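Note that the protein sequences, when read in sequence, are chains X and V. Numbering follows the numbering used here, with no gaps: position 612 of the first sequence is 612. Numbering follows the numbering used here, with no gaps: position 149 of the second sequence is 776.
Treat the hints with care, as some may be off.
To be verified - Listed next, the in silico SDA-like pairs over lysine to any residue satisfying Cα-Cα at most 20 angstroms (straight line):
#1 K402/X - E660/V
#2 K402/X - R751/V
#3 K402/X - D646/V
#4 K402/X - S694/V
#5 K723/V - G592/X
#6 K26/X - S48/X
#7 K723/V - A586/X
#8 K712/V - P789/V
#9 K402/X - K926/V
#10 K723/V - E129/X
#11 K402/X - T657/V
#12 K402/X - V710/V
#13 K402/X - L640/V
#14 K723/V - G765/V
#15 K402/X - Y891/V
#16 K489/X - A459/X
#17 K723/V - D27/X
#18 K402/X - S702/V
#19 K926/V - A874/V
#20 K402/X - S656/V
#21 K723/V - Q605/X
#22 K402/X - L678/V
#23 K402/X - V691/V
Simulated from the structure, these hints should not be mistaken for laboratory data. These numbers come from a predicted model, not from an experiment.
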Amino acid sequence: MDLHLLDAAPTPAERAAIDAFLGPPKDGWTGGAREPQDAHTAAGGHHSRSQRHLLLPALLAVQRRVGWISAGSLMYLCQRLTIPPADAYGVATFYALLPTAPRPPRVVHVCDDIGCRVRGAEAVCAELERTVGPAHHPPTGTSHELPAIGSGWIRSPCLGLCEEAPAALLTQAGATPVERLFGNATAGRIAAVLAGNDSTADQTRAPIPQAGDPDLLLLRRVDRIDPTDLDAYRAHGGYQALRLALDLGPDGVIREIADSKLAGRGGAAFPTGRKWDAVAKQPVRPHYVVCNADESEPGTFKDRVIMEKDPYSVVEAMTVAGFATGSEQGFIYLRGEYPLARTRLQHAIDQATSRGLLGDNIMSRPVRFTIEIRVGAGAYICGEETAIFNSIEGFRGEPRNKPPFPVQIGLFGKPTVVNNVETLVNVLEVLRLGGPQYAAIGTAGSTGTRLFCLSGHVARPGVYEVPSGTTLRRLLELAGGVAGGRALKAVLLGGAAGGFVRADEIDLPLSFEATRAAGATLGSGVVMVFDDTTDFADILRRIAAFFRDESCGQCVPCRVGTVRQEEALHRLQAHRPIGGTAAELALLDEIGLAMKDASICGLGQTAYSAVESAIKRLKLFDGVAPR
Amino acid sequence: MTTLVSLAPPRRLVSLTIDGKGIEAPEGSTILEACRTQGTEIPTLCYLETLHPVNVCRVCVVEVEGSRVLVPSCSRRVEPGMVVKTQSERVVHSRKMVLEFLASSVDLSTTPEVARWLGEYAARPDRYGPPAPPAAAGARDGLEPGHHDPVEPGFRATVAQPTKIDNELYLRDYGKCILCYKCVEACGTDHQNTFALTVAGRGFDARISTEFAVELPRSACVYCGNCIAVCPTGALMFKSEYDHRAAGTWDESRQTVTQTICPYCGVGCNLELHVQDNEIVKVTSPLDHDVTEGNLCIKGRFGWQFVQNRASEERPQGG
Ligand SMILES: Cc1cc2nc3c(=O)[nH]c(=O)nc-3n(C[C@H](O)[C@H](O)[C@H](O)COP(=O)(O)O)c2cc1C
Ligand code: SF4
Ligand code: SF4
Ligand code: SF4
Ligand code: FES
Ligand code: FES
Numbered sequence: 001m002d003l004h005l006l007d008a009a010p011t012p013a014e015r016a017a018i019d020a021f022l023g024p025p026k027d028g029w030t031g032g033a034r035e036p037q038d039a040h041t042a043a044g045g046h047h048s049r050s051q052r053h054l055l056l057p058a059l060l061a062v063q064r065r066v067g068w069i070s071a072g073s074l075m076y077l078c079q080r081l082t083i084p085p086a087d088a089y090g091v092a093t094f095y096a097l098l099p100t101a102p103r104p105p106r107v108v109h110v111c112d113d114i115g116c117r118v119r120g121a122e123a124v125c126a127e128l129e130r131t132v133g134p135a136h137h138p139p140t141g142t143s144h145e146l147p148a149i150g151s152g153w154i155r156s157p158c159l160g161l162c163e164e165a166p167a168a169l170l171t172q173a174g175a176t177p178v179e180r181l182f183g184n185a186t187a188g189r190i191a192a193v194l195a196g197n198d199s200t201a202d203q204t205r206a207p208i209p210q211a212g213d214p215d216l217l218l219l220r221r222v223d224r225i226d227p228t229d230l231d232a233y234r235a236h237g238g239y240q241a242l243r244l245a246l247d248l249g250p251d252g253v254i255r256e257i258a259d260s261k262l263a264g265r266g267g268a269a270f271p272t273g274r275k276w277d278a279v280a281k282q283p284v285r286p287h288y289v290v291c292n293a294d295e296s297e298p299g300t301f302k303d304r305v306i307m308e309k310d311p312y313s314v315v316e317a318m319t320v321a322g323f324a325t326g327s328e329q330g331f332i333y334l335r336g337e338y339p340l341a342r343t344r345l346q347h348a349i350d351q352a353t354s355r356g357l358l359g360d361n362i363m364s365r366p367v368r369f370t371i372e373i374r375v376g377a378g379a380y381i382c383g384e385e386t387a388i389f390n391s392i393e394g395f396r397g398e399p400r401n402k403p404p405f406p407v408q409i410g411l412f413g414k415p416t417v418v419n420n421v422e423t424l425v426n427v428l429e430v431l432r433l434g435g436p437q438y439a440a441i442g443t444a445g446s447t448g449t450r451l452f453c454l455s456g457h458v459a460r461p462g463v464y465e466v467p468s469g470t471t472l473r474r475l476l477e478l479a480g481g482v483a484g485g486r487a488l489k490a491v492l493l494g495g496a497a498g499g500f501v502r503a504d505e506i507d508l509p510l511s512f513e514a515t516r517a518a519g520a521t522l523g524s525g526v527v528m529v530f531d532d533t534t535d536f537a538d539i540l541r542r543i544a545a546f547f548r549d550e551s552c553g554q555c556v557p558c559r560v561g562t563v564r565q566e567e568a569l570h571r572l573q574a575h576r577p578i579g580g581t582a583a584e585l586a587l588l589d590e591i592g593l594a595m596k597d598a599s600i601c602g603l604g605q606t607a608y609s610a611v612e613s614a615i616k617r618l619k620l621f622d623g624v625a626p627r
Numbered sequence: 628m629t630t631l632v633s634l635a636p637p638r639r640l641v642s643l644t645i646d647g648k649g650i651e652a653p654e655g656s657t658i659l660e661a662c663r664t665q666g667t668e669i670p671t672l673c674y675l676e677t678l679h680p681v682n683v684c685r686v687c688v689v690e691v692e693g694s695r696v697l698v699p700s701c702s703r704r705v706e707p708g709m710v711v712k713t714q715s716e717r718v719v720h721s722r723k724m725v726l727e728f729l730a731s732s733v734d735l736s737t738t739p740e741v742a743r744w745l746g747e748y749a750a751r752p753d754r755y756g757p758p759a760p761p762a763a764a765g766a767r768d769g770l771e772p773g774h775h776d777p778v779e780p781g782f783r784a785t786v787a788q789p790t791k792i793d794n795e796l797y798l799r800d801y802g803k804c805i806l807c808y809k810c811v812e813a814c815g816t817d818h819q820n821t822f823a824l825t826v827a828g829r830g831f832d833a834r835i836s837t838e839f840a841v842e843l844p845r846s847a848c849v850y851c852g853n854c855i856a857v858c859p860t861g862a863l864m865f866k867s868e869y870d871h872r873a874a875g876t877w878d879e880s881r882q883t884v885t886q887t888i889c890p891y892c893g894v895g896c897n898l899e900l901h902v903q904d905n906e907i908v909k910v911t912s913p914l915d916h917d918v919t920e921g922n923l924c925i926k927g928r929f930g931w932q933f934v935q936n937r938a939s940e941e942r943p944q945g946g
């Protein structure tokens, strides 16, 4: 294709970063020196289109090297991959971690989302403003001057480390880039990190509260074995499930999964057996397995704990999924804010490959499966199962219209299984115990155990594993109750896309059927606790801001509805309602219904649910006199 | 107008119910097409016969029995036994809200039909408070995804911003843009394959942009104007139309449309010359032409000044 490029050249560092990822350019068409023979060849067509999926990882390579995406680096990248520059710009500007205006090389992303908010995040930000200066803002207009100082901080949505709130993420671009997700982030510690006095070098995480409990299934290896040690993994039951699966054959595996009644843990609770069966039966090849590790629902961190502390289980489970569904290639779509999980997973993939547990002839059988990690770049929407495909394929992470469903037309247009990390890891237990035995755990409608992410005003935050159907009360007891012995006010179940329940509802069994009957949801397993000192108007506004920030912007109900919702909540919070509180609540309901009914994807469809539950269940604004 | 005759093999018919009436529609057709054949009006904004449906505006939603959420009629295909409601309470509510959302954030003054729909659906875009001040030139182009600064409570955010005038042929008034994706599709794989335009940014900050928001002359734009032809809002507009509107002299009732053939090359595209007071004020091409589908190149679209070169009349006969 005849590309029209801006007159902007990459810096040597940018060029090197791109070449290190893509290899040196082959000819003058794709960014190399122009040779006379280039006049006799043409670049483009299927070959260049087949490289489009390299765009996002290549952008991330530039980002890690220089800290932002300049015009010069984008033009060179477009030339290398034969992508029109406007198209590539549209992709880069979709992601919060890929700024297209200069940003300092060292940035700390400070979580100010709900879980960290109730643990002092705003105070941290206020102190940073005082001691370090205001949060970094992109230069306005088209001035692309490099920042004078080498570091800055910005606000971030939930970083998935809510159990160690307040959380922060360091990204330091350079020849040896540094990325670190750290908890207990005081303003002093962040200021030290910004000054280059890195006190976050050890990424040790606190052990999970139930570590060592013999009743654990999914978490039984967590904090008990070295997550980098494949032998330790095998010594603790690892790779038994894959061996069983190879003996059972694909149909047998799918039968066990169906018998287990395992349902998805990513939020939608779709029966896993049916999904796998649908893909396995598709005559079109190839098939793909995508492990959804984007985990960006505020308050969710269970997948991170598994990936950081038991990465081989994810690798093994994906291999089982590949075998059962006739897929030879798996992708882990991992959110960009999880650097430690990335390191651990990559190590596990490499080890498994070198030991014949991935690649050709797995366990010496004619079974082939490989896994590639694809890293996100700061976009909650990319966890939506069709947005993932667009993101991996190198397009804007906008959800696709359904139907067609991923099991028919998924990644690269082929039948694809998308499963959440926790769902996949459950498969190992299903095979180990047998489908019917697995189904005996939990309740009739919600089998197996579930991971819950306890955060907020709770004494012992962290990931807990309990049988489905355990009451919320029991779970809160396990976690030591409300922190500081204060009174419980509400619990947010299922995350920002879920809803609040009241303190008098904590006898609710945590099963799909009981929560559904109560008009609540388990969602991604978020259990965020709020005591009686909570400023709920502030929490609601943060939730609304989250949806406004994370909407992909495709469809009108969500793109504008999330803005109007936030504005109405802002007016209520500022005691400046238009036409009185009741009128604002009615307006919110009208906005919410349209978002729920007319949005393309689950983001818009659930953007009102937490707000609605706060209004209708917590009766948050009842008795608020308009001023 | 000529009648188009389909040369495709006849399609099987599917039986379904629309608003309580049993109808038959060809297999593979959309609910919208089925509705239009039987005379049921459904508003659309992002839909166009000549483009792939992106189903983003959601003004065309209908209720389909058994579906949890409403479905876009412009892209959902008919299925046997489908029960469709085009005027249920849920449908009417969502359409009203979509229209309100758009009218409260975008200048729809040059979007045909929308004023009528706003009335029909009793939309009240003013109930979200007064508009926040418009963005400075280029400010929206620099918005990064992630954290945003909210507007002053009591005001409503809009996409208002100055018009981008960077060439003599057409201009871009993104304060009128509803983000229907049509121009991006027309500039990209659906028609032109030039890829000068993209959607940049995310959420409410999403916008149509060139790479790094450079002016059109620095971009890949080839001035075919095929984006103008599909833009439903007047956000993309001929400079000639814009100047007339600015001067208060634009008057469609005084305009005639002359059908002719472009004289420049052998493709022979059909042209529709819109003429006001003996002056060509814009050029379109019929959408239902099965070869060109409304598309032209820069010569047919903009190269008509010579017609109005009065000097030629003074040339001696036979010269
Ligand atoms: C906006 C949005 C974000 C989502 N994010 C995630 C995510 O980060 N991880 C995840 O597993 N599922 C996420 N989902 C759900 C997925 O679309 C999908 O249902 C899930 O990955 C299927 O896997 P499961 O059947 O194993 O649950 C998200 C859905 C939406 C609408
Ligand atoms: S609902 Fe929101 S996030 Fe989903 S497609 Fe629509 S605009 Fe994008
Ligand atoms: S400029 Fe016009 S065609 Fe393009 S997205 Fe906006 S309204 Fe649609
Ligand atoms: S519009 Fe362009 S392509 Fe069409 S006939 Fe005229 S010169 Fe030829
Ligand atoms: S890490 Fe801050 S809310 Fe989750
Ligand atoms: S016309 Fe159907 S969604 Fe826009």
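Status of each hint after checking the structure:
{"no.": "1", "hint": "K402/X - E660/V", "in the structure": "19 angstroms, holds"}
{"no.": "2", "hint": "K402/X - R751/V", "in the structure": "31 angstroms, violated"}
{"no.": "3", "hint": "K402/X - D646/V", "in the structure": "23 angstroms, violated"}
{"no.": "4", "hint": "K402/X - S694/V", "in the structure": "12 angstroms, holds"}
{"no.": "5", "hint": "K723/V - G592/X", "in the structure": "13 angstroms, holds"}
{"no.": "6", "hint": "K26/X - S48/X", "in the structure": "13 angstroms, holds"}
{"no.": "7", "hint": "K723/V - A586/X", "in the structure": "15 angstroms, holds"}
{"no.": "8", "hint": "K712/V - P789/V", "in the structure": "41 angstroms, violated"}
{"no.": "9", "hint": "K402/X - K926/V", "in the structure": "40 angstroms, violated"}
{"no.": "10", "hint": "K723/V - E129/X", "in the structure": "43 angstroms, violated"}
{"no.": "11", "hint": "K402/X - T657/V", "in the structure": "14 angstroms, holds"}
{"no.": "12", "hint": "K402/X - V710/V", "in the structure": "18 angstroms, holds"}
{"no.": "13", "hint": "K402/X - L640/V", "in the structure": "23 angstroms, violated"}
{"no.": "14", "hint": "K723/V - G765/V", "in the structure": "31 angstroms, violated"}
{"no.": "15", "hint": "K402/X - Y891/V", "in the structure": "44 angstroms, violated"}
{"no.": "16", "hint": "K489/X - A459/X", "in the structure": "15 angstroms, holds"}
{"no.": "17", "hint": "K723/V - D27/X", "in the structure": "55 angstroms, violated"}
{"no.": "18", "hint": "K402/X - S702/V", "in the structure": "10 angstroms, holds"}
{"no.": "19", "hint": "K926/V - A874/V", "in the structure": "26 angstroms, violated"}
{"no.": "20", "hint": "K402/X - S656/V", "in the structure": "16 angstroms, holds"}
{"no.": "21", "hint": "K723/V - Q605/X", "in the structure": "17 angstroms, holds"}
{"no.": "22", "hint": "K402/X - L678/V", "in the structure": "18 angstroms, holds"}
{"no.": "23", "hint": "K402/X - V691/V", "in the structure": "14 angstroms, holds"}
The structure does not agree with the numbered hints 2, 3, 8, 9, 10, 13, 14, 15, 17 and 19 stated previously, though it agrees with the rest.
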